[in-house]
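J.: Spelled out from the first residue to the last, the chains are:
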Amino acid sequence: MRILVCVKRVPAPGARIALTDDRQAVDARHLPFTVSPHEECAVEEAVRIKEGHGGTVVVMTLGPAEAEEQLRYAISTGADEAVLLATDGSEWDPQATAAALAGGIESLELAGGPFDLVLFGNESADAGGYQVGIRVAHALGRPVISGIKGIELEGATLIARRETDAGFEVYHLPLPAVVAVKEGINLPRYPTLPSRLKAKKAEVASSRPTGQPGGLAMLRLDTPLEVASSTTILGQGPEAAPAVADLLEDLGLL
Amino acid sequence: MSGVFVFVEHDSGSPSETSLQAVALAGALGEVTAVTIGDCPIGGVARHVVIEHPLLSDHAPEAMGEALAQLCRTRSPDAMLASGTERGNEILAHVAAILDLPLAAMVTEIRPSGQNWELTRVRWGGSLLEEASLTASLKLATIAPHAVDAAVGSGEVDAEVFEPDLSDELSRTRVVERVTVSEGITLTTAPVVVSGGRGVGSPEGFAVLEDLAGLLGGAVGCSRVVTNNGWRPHSDQVGQTGTRVAPHLYIACGISGAIQHWVGMMASKNVLAINNDPEAPMVTKADYAVIGDLHPVLEAVVAEVRRRKEV
Ligand SMILES: Cc1cc2nc3c(=O)[nH]c(=O)nc-3n(C[C@H](O)[C@H](O)[C@H](O)COP(=O)(O)OP(=O)(O)OC[C@H]3O[C@@H](n4cnc5c(N)ncnc54)[C@H](O)[C@@H]3O)c2cc1C
Ligand SMILES: Nc1ncnc2c1ncn2[C@@H]1O[C@H](COP(=O)(O)O)[C@@H](O)[C@H]1O
Numbered sequence: 001m002r003i004l005v006c007v008k009r010v011p012a013p014g015a016r017i018a019l020t021d022d023r024q025a026v027d028a029r030h031l032p033f034t035v036s037p038h039e040e041c042a043v044e045e046a047v048r049i050k051e052g053h054g055g056t057v058v059v060m061t062l063g064p065a066e067a068e069e070q071l072r073y074a075i076s077t078g079a080d081e082a083v084l085l086a087t088d089g090s091e092w093d094p095q096a097t098a099a100a101l102a103g104g105i106e107s108l109e110l111a112g113g114p115f116d117l118v119l120f121g122n123e124s125a126d127a128g129g130y131q132v133g134i135r136v137a138h139a140l141g142r143p144v145i146s147g148i149k150g151i152e153l154e155g156a157t158l159i160a161r162r163e164t165d166a167g168f169e170v171y172h173l174p175l176p177a178v179v180a181v182k183e184g185i186n187l188p189r190y191p192t193l194p195s196r197l198k199a200k201k202a203e204v205a206s207s208r209p210t211g212q213p214g215g216l217a218m219l220r221l222d223t224p225l226e227v228a229s230s231t232t233i234l235g236q237g238p239e240a241a242p243a244v245a246d247l248l249e250d251l252g253l254l
Numbered sequence: 001m002s003g004v005f006v007f008v009e010h011d012s013g014s015p016s017e018t019s020l021q022a023v024a025l026a027g028a029l030g031e032v033t034a035v036t037i038g039d040c041p042i043g044g045v046a047r048h049v050v051i052e053h054p055l056l057s058d059h060a061p062e063a064m065g066e067a068l069a070q071l072c073r074t075r076s077p078d079a080m081l082a083s084g085t086e087r088g089n090e091i092l093a094h095v096a097a098i099l100d101l102p103l104a105a106m107v108t109e110i111r112p113s114g115q116n117w118e119l120t121r122v123r124w125g126g127s128l129l130e131e132a133s134l135t136a137s138l139k140l141a142t143i144a145p146h147a148v149d150a151a152v153g154s155g156e157v158d159a160e161v162f163e164p165d166l167s168d169e170l171s172r173t174r175v176v177e178r179v180t181v182s183e184g185i186t187l188t189t190a191p192v193v194v195s196g197g198r199g200v201g202s203p204e205g206f207a208v209l210e211d212l213a214g215l216l217g218g219a220v221g222c223s224r225v226v227t228n229n230g231w232r233p234h235s236d237q238v239g240q241t242g243t244r245v246a247p248h249l250y251i252a253c254g255i256s257g258a259i260q261h262w263v264g265m266m267a268s269k270n271v272l273a274i275n276n277d278p279e280a281p282m283v284t285k286a287d288y289a290v291i292g293d294l295h296p297v298l299e300a301v302v303a304e305v306r307r308r309k310e311v
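Listed in order, the protein sequences are those of chains A and B.
Per this note's numbering: the first sequence = residues 1 to 254.
Per this note's numbering: the second sequence = residues 1 to 311.
Next comes chain A alone, as it looks inside the complex (with noise of 0.2 Å):
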């Protein structure tokens, strides 16, 4: 199985999300970044699917060349391979970036062979679009299935489980695939120091895809209006129980 995943870096804000002074970007000057959540399970899943199929995973990124960093955690968890498409750290709307993922995995293809799958997000943690990894797939010509919380291999057939309100829905795609992951799939491992050591000394191929920007652009950033709390203290410790219990028969759940 030759499988890659697309992943994006993305800043990890804790209990609020500051702006740049030009409201373009999120101000990450003191933020830890990391991988879009849904993504680290997709790697983690190519990651399995090789343990058990045997194959190779390459990892691959549109970004600043600060997002080797991501891709170097990824080789770090157990992925063997690692492209960077080098931006100058600018945001690509979602039809720039489509495109110049699947001009980089159509140049991986050339060289090294077809990939039997190719994994994505359920959507990007920051920008949220929904539609990367569909447009890959049309670009591709591959079949595309998104939501996925379960896959399995059967041959030439993956079997993917989708969850819904009651329970959940089976597609059966033939290789081959394309498919959009969700957090919760699978438990992603942790890194060991020396698959740490390995990852700094891994190869990142670069390159520099030209955009054509599409037709949605971001004008400006904004904070939701945050409504002004007040927090009502029942009081310290476990003295506070018949406060407790009283707001629990003022709201009626008692």
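Watch out, some of these pointers could steer you wrong.
What the hints assert, rightly or not - Computed far set for chain A versus chain B, every beta-carbon distance over 12 Å:
(1) PRO11
(2) ALA15
(3) GLY103
(4) GLU106
(5) LEU110
(6) ALA137
(7) LYS149
(8) ILE185
(9) ALA202
As the list claims (entries may be wrong) - Below, in silico cross-link-like pairs of lysine to aspartate or glutamate (DMTMM-like), each with a Cα-Cα straight-line distance of 25 Å or less:
(10) LYS201/A with GLU81/A
(11) LYS309/B with GLU81/A
(12) LYS309/B with ASP246/A
(13) LYS149/A with GLU131/B
(14) LYS149/A with ASP11/B
(15) LYS269/B with ASP250/A
What the hints assert, rightly or not - Just a few of them, taken from the derived set where beta-carbon distance is under 8 Å, the chain B residues facing chain A:
(16) THR180
(17) GLY184
(18) GLU304
No lab work stands behind these hints: they were computed from the structure.
All C-beta atoms in this analysis are idealised placements derived from N, C-alpha and C, irrespective of residue type, glycine included.
We have chain A; now place chain B with the ligands onto it with these hints.
T.: Relative to the frame of chain A, chain B with the ligands by itself:
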């Protein structure tokens, strides 16, 4: 003016609340045509197109996207909207990919400006707003759930049938099986959610949260740290990449209140934080708080609730 098409999701003939919200928003933009896959009586719109094809008798996102794209090619609407649900987002992304058009997902407001739209959409699962411009001959957008009130349509519009030409190959992404899992009280339906974070300390530490949830007819939730530690299954996780809840009371025990957790429970009517840090964001944003170690507090609350239930 060919108006605005709205893809309306329905459950065997009854339109979804969030789709009717998209219809309401569309009404301010132009003449509305509701589009359904399979019949579903609908009122309060100018026209109704029912898409019929054997492939579409169950969820089949590729085929549905192709069908809507064909409808757009034949009828050339100015815009097509859907609700920002898992399905709405997915199907419109297919339409966008097939027609090579931009798609704005999770929109809360649309302001036409000449030939273009300026719009507001949510990012970070609702923690951040984005002002954007959408330039396209046919504008595609999904509407964030609960951004506007649903349209209340009266009467019923005569439906016209549209039969798309779909290749059998598209059955490759059609549901082949449905499995029903019945649960009792779920996170999304529970009137009370007793939720635990890193402060709970261990899987066993959740026993007292289970006790309280049981006494109140509620459900147990948790933060991402808890699921990442393997203390609880991901199905319990509340937040941006977990479940969205809106109970009458959300009890956050040992949860700091990171923005990605907060977006998952901010629709709760009341929030009670139990935390030993009075400065924790969850405490300062909550309606009520108890300051202290969560375990003795919860044990005392469980005892007090049991005592009051007995009399
Ligand atoms: C893209 C992205 C998506 C995310 N999605 C989600 C999501 O869906 N859901 C989610 O929850 N998180 C999500 N996160 C993670 C989030 O940022 C936080 O890391 C997480 O919510 C913190 O969990 P916590 O509050 O349990 O832990 P902490 O932040 O460590 O807080 C623990 C709290 O417990 C208190 N405490 C400790 N001991 C006790 C005690 N004995 N008694 C009482 N109080 C005690 C502490 O004072 C502290 O306030 C996401 C992050 C990113 C970057
Ligand atoms: N810049 C990027 N680099 C690599 N993958 C990306 C990028 N942007 C989006 N993706 C992938 O596409 C998925 C959907 O993104 P989006 O359409 O922005 O919600 C993400 O979960 C990633 O897997």
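J.: Hints first: check each against the structure and report whether it holds.
T.: Taking the hints in turn, this is what the structure says about them:
Not every CB of chain B is more than 12 Å from the CB of PRO11/A (nearest about 10 Å), against its label as outside the interface. Here ALA15/A does not stay apart from chain B, with its beta-carbon only about 4 Å from theirs, under the 12 Å limit. With 12 Å as the threshold on Cβ separation, the claim that GLY103/A sits away from chain B holds: the shortest Cβ distance comes to roughly 15 Å. Every Cβ of chain B is farther than 12 Å from the Cβ of GLU106/A; the closest lies at roughly 16 Å, confirming the non-interface assignment.
The beta carbon of LEU110/A sits about 22 Å from the closest Cβ of chain B, which is more than 12 Å, so the claim that it is off the interface holds. The claim that ALA137/A is not at the interface with chain B is violated, since a C-beta of that chain comes within 12 Å of its own (minimum 7 Å). For LYS149/A, the non-interface assignment is contradicted: its Cβ lies about 8 Å from the closest Cβ of chain B, within the 12 Å cut-off. Taking the minimum C-beta to C-beta distance to chain B, about 8 Å, the non-interface status of ILE185/A is violated against the 12 Å cut.
At roughly 25 Å from the closest C-beta of chain B, the C-beta of ALA202/A stays outside 12 Å, upholding its exclusion from the interface. Taking the CA atoms of LYS201/A and GLU81/A, the gap is about 12 Å. The hint holds against a cut of 25 Å. With a C-alpha separation of about 60 Å, the suggested pair LYS309/B and GLU81/A falls outside the 25 Å cut-off, and the hint is violated. With a C-alpha separation of about 12 Å, the suggested pair LYS309/B and ASP246/A falls inside the 25 Å cut-off, and the hint holds.
In summary, the hint linking LYS149/A to GLU131/B is not supported, as the alpha carbons are separated by about 32 Å, beyond the 25 Å threshold. This hinted pair checks out: LYS149/A and ASP11/B have alpha carbons roughly 23 Å apart, not beyond 25 Å. For the proposed pair LYS269/B and ASP250/A, the alpha carbon gap of about 13 Å is at most 25 Å, so the pair holds. The closest approach between the C-beta of THR180/B and any C-beta of chain A is roughly 4 Å, which is under the 8 Å cut-off, so the hint is satisfied.
The beta carbon of GLY184/B is not positioned within 8 Å of any beta carbon in chain A (closest approach about 14 Å), and the interface hint is therefore violated. Against a cut-off of 8 Å between C-beta atoms, the interface hint on GLU304/B holds, since the closest Cβ of chain A lies about 4 Å away.
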